[in-house]
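Residue numbers (our numbering), protein chains in the order written: chain S, 887 to 1198; chain U, 16 to 285; chain D, 16 to 285; chain P, 9 to 263; chain C, 9 to 263.
Worth double-checking, as some hints may not be accurate.
Said to hold, decoys possible - Covered stretches of chain C (chain U as the covering partner; in silico rule of three or more C-beta atoms under 8 Å from a C-beta of chain U): (1) 23–32; (2) 82–93.
Claimed, not checked - Computed spacing ranges between beta-carbons, pair by pair: (3) P:D235 <-> D:L205: 23 to 31 Å; (4) D:D182 <-> U:K39: 13 to 21 Å; (5) U:L205 <-> D:D182: 42 to 50 Å; (6) C:E75 <-> U:K39: 38 to 46 Å.
What the hints contain is simulated information worked out from the structure, not anything from laboratory work. This structure is a prediction, so every number in the text was calculated from the model and none was measured. Beta carbons are placed, not taken as given, at the ideal position from N, Cα and C, and that holds for glycine.
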Amino acid sequence: QNRKIVVGALRFTSHAGSFVALERGYFAEAGLDVELKFFQAAQPMAVAIASGDVDYAVTAISGGLVSLADKGAIKVIGGALSEEPGIDGQKILASDAAFKAGLTSAKQLGGRTFGMTSAGSSFHYMGSKVAAAEGVQMSFKPLQKVGAIIGALKSGQIDAWVIVPHIAKPLAGSGAVHVIGNISDYLPRYQVTTVFTSAKNAAGERDKTKGFLAAFGKGVHDYNAAMIDKAGGEAGVNAMVDLIHKYVYEDQPREKAAPSIINGTMRLNENAALNVASVRDQLEWFQAEGLVDAKITLDTLLDTSYVETFEA
Amino acid sequence: MSEATAPGQAPVEVRFRGGGFAPKANRWAGAVVFALAIAFVEWGTRAGWISALTLPRPSDVLGVFVELWQSGLLFKHLAPSLSRLVVGAAIGASFGVTLGILIGLFSHVRAALVPVVAAIFPIPKIALLPLFVIWFGIDEGSKYALIAFGTFTPTVVATYGAVDNVDRSLIRMGQSFGLSWRSIVLKIVLPGAMPGILSGLRISLAIAIILLVAAEMLGAEYGIGAYILEAGALYDLERLFAGVVILSLLGVVVSSAIGQIEKRLLGWRS
Amino acid sequence: MSEATAPGQAPVEVRFRGGGFAPKANRWAGAVVFALAIAFVEWGTRAGWISALTLPRPSDVLGVFVELWQSGLLFKHLAPSLSRLVVGAAIGASFGVTLGILIGLFSHVRAALVPVVAAIFPIPKIALLPLFVIWFGIDEGSKYALIAFGTFTPTVVATYGAVDNVDRSLIRMGQSFGLSWRSIVLKIVLPGAMPGILSGLRISLAIAIILLVAAEMLGAEYGIGAYILEAGALYDLERLFAGVVILSLLGVVVSSAIGQIEKRLLGWRS
Amino acid sequence: MDIRLDAISHAYGGTEVLRDISLEVPTGRIVCLVGPSGCGKSTLLRFIGGLERPSAGRVLQLGSPPEGCLNPLTYVFQDFALLPWRTVRGNVSLVLEDHGIRGARADAIIADVLARTRLTDFGRALPKQLSGGMKQRVAIARALAVNPAVMLMDEPLSALDAQTRELLMDDLVGLWARQPFTAVYVTHNLAEAVRLGHRIAVLSRRPGRIREVVEIDKPLAERGYADPELEAARQHLWTLMREEARAADEELIDV
Amino acid sequence: MDIRLDAISHAYGGTEVLRDISLEVPTGRIVCLVGPSGCGKSTLLRFIGGLERPSAGRVLQLGSPPEGCLNPLTYVFQDFALLPWRTVRGNVSLVLEDHGIRGARADAIIADVLARTRLTDFGRALPKQLSGGMKQRVAIARALAVNPAVMLMDEPLSALDAQTRELLMDDLVGLWARQPFTAVYVTHNLAEAVRLGHRIAVLSRRPGRIREVVEIDKPLAERGYADPELEAARQHLWTLMREEARAADEELIDV
Ligand SMILES: Nc1ncnc2c1ncn2[C@@H]1O[C@H](COP(=O)(O)OP(=O)(O)OP(=O)(O)O)[C@@H](O)[C@H]1O
Ligand SMILES: Nc1ncnc2c1ncn2[C@@H]1O[C@H](COP(=O)(O)OP(=O)(O)OP(=O)(O)O)[C@@H](O)[C@H]1O
Ligand SMILES: [Mg+2]
Ligand SMILES: [Mg+2]
């Protein structure tokens, strides 16, 4: 039974689970004929799941995702990218101008402007959490596009931002911005991205969904083993980089792409296990900010019947 | 063709074969169509055969309006958008009219700049957003600039077209009475180009409203465009539609305002 | 006024006071302006007084072009964009022309739909992107729909304006010769509206090109719009400009293609 | 086929345009309508052709149109009303197509009417290539093609320059001489009226009423330049109209 | 101030329009230019007014313009050329403003010329409210306001209907009778030419050459209807032009 499914993805290393599972035939073993569908941003991908154009995808939890879940369109069924103390995770960045003016650590964020794509995005959540932890107030600038945020940060028009390491490190390397902290210091086990699907798949297509999660889990395992635990040594890393390079930075030569891919390494949850505590915290924060309906419960968002859950 | 009339025949009236081909607009019917469409969607969303994912319930959209109104948020969003619209469109339109007149009057300017304008026209303004951040900052500057840029090109094209269309015989008349170049431009070319410039402005302002959303992608906290974008990001269809309806009303208001100006300024047209 | 001529005076030639006010375009000058602008930016970026953040070096943009060409990526991007443009604009324009003609001919249709079209006009299409995904899917459907939607409204407005402007005396002539309604529409109204429809199409197609970027925000991997968006996201100015230049060229090509069609079809205009 | 106007009155909205017009148009004669600007001449002609309906009164057709008549009441317009996108032939064939006349039959008719209007060499020309006089001759050829019972001519010469007008008047007289046609001929030009009209109806200023109907018995072919009889008729008409014409010209148009 | 045309020839691109035209326009007389369509009458008038320059030959001014003349060579155009956004007064004051004439002085001039053209009551009307005849009278008033040495009139009556033309011709004769002016009057209309012209230059078909210059000595005021002398002159002119006019009318316009 070769069942055709469409998996949504962004060209980020954090989607490596799907890439590995496809390249190494784990999906095929599960009887799934997977077509990868690439997006420019997470939000349309969530909508595409709701519309039925895409079956499974991985993305950060955002207000839009919760909203779609509330409309009965989608369910979160597993976890993917996580912060983990000790592993390079998302970086808090300061613009050069702000850095020179004294913004050298997250403690000085009070009164600063913080970039985000839009209200209810993960950037908004992280920025708020950091500010709350430091007991300061920041203003948030919605700039819609990552490109616009980078431009604004480089030219000193916003003071701070937070972003995944493979974007943060080259930026910091150019001297235009500075790393002033790690998200893992504030949200140590932050469930950054999750696996989700349409409510219909979650409820009615249990076999297919199980198959997908199993194959995805194997991909994640291979990725973690190769890139974080370095089980295969240098050769293992190189093989994995080669594989990922087919999907990420494909228009750049291997030598140029490799450091970016390696820089982007972060832990993906083994077996797509889901940190329910982090998800709950995020949902409560969205509700507290008035971004989503206050009556939404965790059950509306999550279908925990597929993967192991944990609270951390 | 001349033939004797059959004598016994009774006279018949000439058959009517004119009329038609002169449709008239009718405000009433438009309102009825809107009401029907809204009622239809309301029914569909209530009955469930229009899914909540596809369209919001009109009554909920109305609810959002009421809320926006009561909380005062409506004006908090409307005020900055209007000021961006006014400033941006004023900058774009005044530069556009000026350049359009220069192109209309001077061969050298025309030769040099018409191709540039033609090349700029099909550039999508959203593509340039990242650049606008660097060039004009993320504050009001870039919003004004984006709207100004968007209104500029159509205004230029409309204006120089209008100048080209000024009746040449009026200009020859001016010359034949020995009017100075300045008088001809101020008293003949400009008033003669006014109808074309105003109808160009109608399009430019519609474009300015459309660009409001793009402009408010850049670090706007308040504004109708920002409101729509946030609603879109949160997939909150009620608020999305409320925002869209506001823009659409804004468009209708602006267009009828230009209609009023035309009536005032162009009363001389027969 | 009649006065005796002072007899001894020598005849003088009449003073020339005509001419002017008839600017002509000149292709050459446009090319020179482009060349100068490019040379200026090249100089500025090389010398450093234009920062690399502000503008890319034109020679680098050219390099990107060469690379795009050699790698064959140019066509990989161009082909889907062109097909979206053609299909979307064809759908939008044909629906637009049809509806425009109906509005032009029938009072009821006009009364019912003109306000709807006026209300739809100022709605920014990007605001509706999330809805388009639900309505039309993320594949080509939504891209076609977005471009079609964007070209539809201006085409409708241009078409019914063109039908309204068809010389009524020609229609009365047709009626006076007892032509059928069908003949009048096909042989008088349609050909008479053609110039207006074509010049409306010029604007609609420019809008279609602009909307390409918005359309390719929706899950497009290849396409000029997607290329520009990706370049923008990475703040890669060279590639961003390369993409923008392609769109601009596309606009110029489309506009001159319509010029050719006009020359062909409208040779009867004096 | 005769035409009879039976007590026609008309008002556009509040403005009364025509009041109680009765007139007879006998077969084979040219009836001229003269009158100051805006007195309702064109309106009256539209009633006769069935393009508009009067508020009161009737336009009657007496007898049936002759054999082979495709369009009994046929107009010739002041502005020619040629389709600019069709050639001379195409403009003539336009009015035949709807009657199912195509191919050889159409060609024969077109060749005939173009010959009668001396346009044979210009069949392939587009209207934009023609002078005003030629355009009006095409319009006349088109009218002749449908073999009308009555021609309704609304200032057919007034868009032409004086010399062309002169030439075309000769052409019309020639056409009528070869084959008399029935016509209602609206004009401002008294010289035209006395040259072409068998019967001349003078309308008053708006609201148009019939002030006088002048009959001129001299055969068309014999009417020449500086004919004292015609000149007298023209003088008479001009005295009838002079003051009204001046008053009509000095009315402000309210828009 | 007299005008002398000195061997004027002109070509537009490859088409020769005028060939070797020499003509004298004496002070206080009306010189008519008649000729078939496209023979270059308007072009010649533009040369006289300095709006265009001939390829060869010169237009000479003999003597200086009279005292108080603001614009020696002043046009009256066929299409009136009134600014539609200015009232009648505004259209007249337009040509005074550039000479610094404003306020009371301007008012006096405007009142005078409006009175002479019987427009006193219409000073506040917009062009769209006026009939064609009134519009042309405004244009004439405007021309009179600058007190011209020579009026250049390009078919000033040809856009009007026959009756208004008749009325305006009377007006022009009246104006001239009260205060003779110098004019070059272009027309197609031979009746106008023999009614208004002291000297009538007949041009041939393109390229325009002077075929004949006819002098009519009878004073303007005495020229009436059906005057046999004028009728003879007209007949003569028409025989000169008839064939050329027909040929000119049947030329295809290449575009
Ligand atoms: N469709 C219409 N609606 C309203 N008023 C009209 C309409 N057609 C004509 N009129 C008015 O009716 C009057 C008579 O018009 P008509 O065109 O019949 O006059 P006419 O005698 O042909 O004038 P002219 O000599 O200028 O051609 C005019 O005052 C005109 O403004
Ligand atoms: N600016 C121009 N460029 C080229 N050709 C021109 C121009 N103006 C006039 N012509 C041509 O020169 C010829 C004479 O034109 P002109 O207008 O002087 O004739 P006219 O005698 O006034 O004709 P009409 O009686 O029709 O007014 C015509 O063939 C015309 O097409
Ligand atoms: Mg009429
Ligand atoms: Mg002329």
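Hint check:
1. With a cut-off of 8 Å between beta carbons, the region 23–32 of chain C has 0 residues touching chain U; three or more are needed, and the interface restraint is violated.
2. With a threshold of 8 Å between beta carbons, the proposed coverage of the region 82–93 of chain C by chain U holds, since 8 of its residues qualify and at least three are required.
3. Checking the proposed 23 to 31 Å range against D235 (chain P) and L205 (chain D) shows it is violated: the Cβ atoms sit about 50 Å from each other.
4. Taken as a hint, the range 13 to 21 Å holds for the pair D182 (chain D) and K39 (chain U), whose Cβ atoms sit roughly 19 Å apart.
5. About 30 Å separates the C-beta atoms of L205 (chain U) and D182 (chain D), a value inconsistent with the hinted range of 42 to 50 Å.
6. Range check, E75 (chain C) to K39 (chain U): Cβ separation about 60 Å, and the 38 to 46 Å hint is violated.
The structure shown violates the earlier hints numbered 1, 3, 5 and 6.
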